[in-house]
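Chemist: Taken in order, these protein sequences are the chains called C and H. My numbering puts the first sequence at residues 1 to 357. My numbering puts the second sequence at residues 1001 to 1517.
30 Å max Cα-Cα, derived DSSO-like pairs, lysine-lysine:
#: 1; chain 1: H; residue 1: K1379; chain 2: C; residue 2: K213
#: 2; chain 1: H; residue 1: K1035; chain 2: H; residue 2: K1195
#: 3; chain 1: C; residue 1: K232; chain 2: H; residue 2: K1410
The hints are simulated quantities; they were obtained by calculation from the structure and are not laboratory data. Nothing here was measured: the structure is a model prediction, and the numbers come from that model.
What follows is the residue order along each chain.
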Amino acid sequence: MNNKLDKFFVPILSVIFGLLIGALIIALIGYNPILGYQSMLNSSLGNSLSIGETLRTATPLILTALGFAVANYVGLFNIGLSGQALAGWVGSIWFALVFDGLPKIILLPGSILAGILACALIGIIPGILKVFFNTSEVITTIMMNYILLFVSTHITHNIWPKSFMQGTDSTKIISNNASLRTEWLTNLTGGSRLNLGFLLALIFIILIYVLIKYTTLGFEIKTIGLNPIAAKYSGISLKKTIVSAMAISGGLAGLAGATEGLGTFQNFFIQSQSLGIGFDGMAVALLGSGSPIGIFISALLFAVLKNGAPGMNLAGIPPEIVNVIIAIIIFFVGAKYLIKYFITVEPKKEVKGEENK
Amino acid sequence: MSKTTTETLNAIEMKNITKIFGNFKANDDINITLKKGEILALLGENGAGKSTLMNILSGLLQPTSGQILLNGKLTNIDSPATASKLGIGMVHQHFMLIDDFTVEENISLGYENTKHFFLDKNKTEQEIKQISEQYGLGIDLKQKVADITVGMQQRVEILKVLYRGADILILDEPTAVLTPQEIDELIEIMHGLTKEGKSIILITHKLDEIRKIADRVTVIRRGKTIDTFSTKGVSNKELAQLMVGREVSFKTKKPESLPTKTVLSIRNLIVENKQGIQSVNDVDLDVLAGEVVGIAGIDGNGQSELIQAILGLTKIKSGTIEILDNDVTNKNVKDIIQQAGNIVGQVPEDRQKEGLVLDMNIAENIILKTYNRYPNSSKGILNYKNINSHARDLITEFDIRTTNEQNKVKSLSGGNQQKVIIAREIDQNPELLIISNPTRGLDVGAIEYIHQRIIEQRTSGKAVLLVSFELDEIMNLSDRIAVMHAGKIQGIVNAKSTNEEQLGLLMAGVSNGGENE
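With these hints in hand, go ahead and build the complete structure from the sequences.
Modeler: Laid out in structure tokens, this is it:
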């Protein structure tokens, strides 16, 4: 019962509270909240084009959130999703540009794998620092966000040959053979940028679900996350498992970056700051209680809110209100004890009694 | 009315106390009376309702119904602060002391004397000293708590409640961590306290102590008062029967031990801790198939480190460990416990921290060491059908009281949690079973069961290494007893021909105790 409460009611109530308080704020600054939300939904789900774009926005969020969740299952906080996604983006575009002439059946998977592998390796670094030197992964992953951001600029400016570039700050568009876009998805969604990355995200939702629930590696990951000492006493290798989980976590973030590069943007261009998908992914994972299905639903919600911001604007409401709503939702997820307090004032004691039996 | 004269002799009367959590009655119409200047023992199994009752008395919980009379007057104890003000003090089983503070600082914490906004340490010191001398506690106030023995720490706890003006002391399992000699000293202190007019409620499962310490005993079972009577002339058997509600055997029946081949062989083992101190100092020990070797000793004399070294959980500085003629010195845990079909089983010291994952369910805890093997999994995929059905079998076989195998382990009682571990380890049929404090905090029913299981293993030809701080347990189960003191084996004695006194001396580091091997 308690568990269901955590996983199910807290997120739902958080969203409801977020939307209600958002409405209150909209009303307070003198606009009509109903009109605002209507126009927001219209902007993100109003026609096939906007639905396509919303699903496209959800794609990297699903993947970074899955990455965050896997690290979290083993008990680590991967704040480096943003830098890892960036590395995945750069890596996949690099592969696509170098092996330009290869047929699609090799070039596309190759580019995707390049993105995933680059980041799996990058994810391993904080994992290794953690298990051998007990370095806080929070700090190393945050610092690596900056390192990777500036390395990506350096690569673009100084390492890639002129032939890759289009101007100084962005690469050429990748060849069709490396693109995740397909005609049928584009046509289906009225010319949106929705691409195969979305299907990959769906596949990985299932894969991660299976990993955590049905594999021995997933069992090791969960055990360590819940009680590392008991895991050690049972002969589970903490080092191997933590590093593996960080590799998977990084790899998923890398895949998120690859879908941005190979799907959404078709090239790489200099980023002035860390990628938002990394940090939004953490929020999505929190809201989704770390479960793959929860992550899918909350990524969709985030995408609806984010793509609805221009709609708010059309209704005359400052689009930043959407970020306020997201922040309130995350606040309530974080403050789950508050919510639990409201809905379990009575049953609370009963739980205690059962333990005494 | 005439009752005033008789009832003012009672320090505490708890009348018809009922406490209901949801639909569970933790206390059901309980009556206890503590006379002035007496020691009353409160006896009951885990979950019988003792803690709930004492939490009500110390103000942590409010009764659903019932009355508390303090010195004959109806009193409402609505918070721990009120209880303290009324002179009720509790000494908890787990000490509430700050290691880096001195004894004096710990005692005065929250009750400091001040003079012009500054601490008045002189006054505090004098006050504490006076109490310490009055009751013959003999505590050095200037030492850090970290540097004094566990027995002393307990006296600090007692002094703490006395300093706060307690007339009624509640002691929760006070002897769990003490040596036999320290227990005797504690008993003396307790009798000294009652002579000075203090009244004491003693919570314990140890039947011997009840008879030695207490004047009267109240037995509680399943939230109800069963009986209250004088401890004079009561036998352990009667006490246990009242507590559990059925007959209990103390001496685990065991046939002659017939040791055969050497299963565990330790030679010149040295383990250093982080500070470079030798926590295990040149230990030689053999455990044969078909015997139980008990390791007796006071907590912190190298027992945990010895076990950790055998299991590969800590680095060995020098020496060798062989299990069935395989050198396992400094191998990793997985290789040691999972080699060739789980040769080594272990019941760890701290069941909740080391033995179980509390947030996982029973089935998952049962496969903690075998998840990566057929039939629990194949090719990296877990087979929950097999896992769950096997867990259900073990729940029946080991009498784990729960509704189903999907329940989280943290919802089980201590005894049932321990049964989950015992089930997991014995189910693997290990050649060597290493067990640390298997019954700590459990009630006699559970203890009896677990002891039987351990002896069964030994009688079926397995080697058992048992570490316990409970001398009774060591003496009851072991065939040979090795006593550890300051990292060394102080002596190895035959369990049949030794006695508590000899073991106590060895535990205290007197080396001539063990000459009968």
